[in-house]
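Number of protein chains: 2
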Amino acid sequence: MQPESIRKYKRDMVHMEAVLGALRAEAQKIDQYMRADLARLEPGIDAKLLEVLNYGLFNGGKRVRPLLTAFASRLCGNTDENVYKLGCAFEYLHAATLFHDDIIDNSETRRGNLSVFKKFGITAAILAGDFLHALAMATVGKLSGDKGLEIFCNATTGMVDGEFMQLRNAERHNLSELDYHDAIMGKTGLLIAAACEIGALYGGGTAQSVKALREYGVHLGCAFQIVDDLLDYLGDPAKTGKTRGNDLAEGKITLPLILTMNTAEESDRSRLLSILEKKSERARHFPEVCMIIEKYQGFQTAKAKASAAVENGVRALQIFTDPNVLHERTVLEGLAGYVITREK
Amino acid sequence: MQPESIRKYKRDMVHMEAVLGALRAEAQKIDQYMRADLARLEPGIDAKLLEVLNYGLFNGGKRVRPLLTAFASRLCGNTDENVYKLGCAFEYLHAATLFHDDIIDNSETRRGNLSVFKKFGITAAILAGDFLHALAMATVGKLSGDKGLEIFCNATTGMVDGEFMQLRNAERHNLSELDYHDAIMGKTGLLIAAACEIGALYGGGTAQSVKALREYGVHLGCAFQIVDDLLDYLGDPAKTGKTRGNDLAEGKITLPLILTMNTAEESDRSRLLSILEKKSERARHFPEVCMIIEKYQGFQTAKAKASAAVENGVRALQIFTDPNVLHERTVLEGLAGYVITREK
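Protein sequences appear in the order of chains A and B. At the far end of the first sequence sits residue 348, using the numbering used here, and the numbering has no gaps. At the far end of the second sequence sits residue 348, using the numbering used here, and the numbering has no gaps.
Take these hints with a grain of salt, some might be off.
[As the list claims (entries may be wrong)] A few chain B residues facing chain A, derived, Cβ under 7 Å:
#1 L24
#2 L27
#3 E30
#4 L131
#5 A138
#6 V164
#7 M169
#8 Q170
#9 N173
[To be verified] Chain B residues, not near chain A, derived (Cβ > 10 Å throughout):
#10 K146
#11 N158
#12 T160
#13 F168
#14 G239
#15 A268
#16 K309
I should point out that these hints are in silico values taken from the structure, not numbers from a laboratory. Glycine included, every Cβ here is placed at the ideal spot set by N, Cα and C.
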């Protein structure tokens, strides 16, 4: 049972392809600006650091955050190209968190290649992350002023806080939906919301526009993470490039499981808890866990929640009625649809 | 053969004690502001994160960087207390780099206690460092504006670049004095210089005053690191809390060794190089290496260079002739003297 707006996106794949095409063209511009930053830095920095940055930044990322900054600013009427420079800051911070997360999670690979940590070692991964963090802050401070920097720093400290919360939650198997919501806000929502909000500020948006774009970003970010967590259960490994069931194996409790625990009969609920208790048993019981989740429609309900989040996000864009920015609004709406329908 | 200014400081220990007393009182104020920051953050952050921050920030640090910010700003005529808030940013960034460095160096202890990394694990040390990094940037951006943030970010990226340079240098045993200077600027000089420069900017200093305080900071920072490196050879473990010879054992080539290599006869030079080549042999040959350095007065020459740096730093303060800030100038001069005479 999918909401009308989502069915529309699925039907209209021609439209979606057009949106994705527009985004790809813009993503290439972001890459150009990132390469220009590195070229500017090159004479002053160590060759190895430059190598790490090149490797870690140009590895097939879709540049979602910078694209959001660029489109949000244009939706608010901005036409200058410096917004790409500002957008790069979000990719730098995102990459910095990935460099550090791969150490924390001991991840071998990232988007099909060796992670920075595995390729260059822990020292390089920590330091290059710190470098990008500082570069991101400097960029945001320079281009979006005090207000933008404050939002950006709050997103960063919020992300760290979210990771600490996840560490704490890792020992608990009875998470509430609210716990989950807090966790995905920290993991994904805050930075995506900041990318939209700061883009709107940079674009000279009114308080109402800035608020609307933040709202859009919060919902988009949360939907993005819910879908990510669903793909861990249901994704096609040939498309996602990852095996299924990693979250369960690591004891990460995501939305489908939470929803199931909330509605399951006591016998199913204790069965799930007993599987979760024994770390070494979890992977083996993945098919059984999926069946129990199916029984209580946990996947469907999670999907519906992601769709509802996207609908709320798209609804926030309704205030942008100026025909001159119809293209930008359409692209942002299309991006929201893509978040729900994506298979990788 | 010590320069007059340094002999003066050594003779005048009463004066030095007065200076250190003034600094200690101010350091307590810095601690109060840091505790106020944590109290403000407490309701919004995870309890474990707060515990890590409390542990890592209040571990007996001398608050040299915030003190420099406070005194530099007052030397330029500032009288408001918000400068302590600004100063805290330098302690936050300093602590962030220590959290990360302890992982990189696999350090068990920090100032006689377990390092954050050893006490709370690698994940907490990476994340809490990232949190403090963002908090530092937000504070500097808010209180010292674009210009201050730019200097601060350049110091951070320069520190990372310096660490990459050290990684590269770790494979070379024929470092030049210039290589060493670049390394200690990255490791210590840049952040101390930024603490002084941003303090001066915040204090409303003229371009000339800002430049002079940066100059003072650069020299102070370099002298500080040279003395640190000398203590690794000559320090009293009962006072420093560290065993001697760690740098040699790790193959870190510091100033006394560089100066010796530059002037030694070929036979001594090749002997030093052959000791450095064999990692497992270095610690055993520490006494012999010290004797060769002594033979060529490598320690004395390094000390003289630190003294010369401090003298240059103090000389930069001569432009501050206003009797109203005589106390501040005296404290900064005294701090410079302390850097040279310190035994821990």
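Quick rundown of the hints versus the structure:
no.	hint	result
1	L24	32 Å, violated
2	L27	29 Å, violated
3	E30	27 Å, violated
4	L131	5 Å, holds
5	A138	4 Å, holds
6	V164	4 Å, holds
7	M169	5 Å, holds
8	Q170	9 Å, violated
9	N173	10 Å, violated
10	K146	6 Å, violated
11	N158	8 Å, violated
12	T160	4 Å, violated
13	F168	4 Å, violated
14	G239	26 Å, holds
15	A268	29 Å, holds
16	K309	25 Å, holds
In summary, the structure is inconsistent with hints 1, 2, 3, 8, 9, 10, 11, 12 and 13 from the numbered list given earlier, while agreeing with the others.
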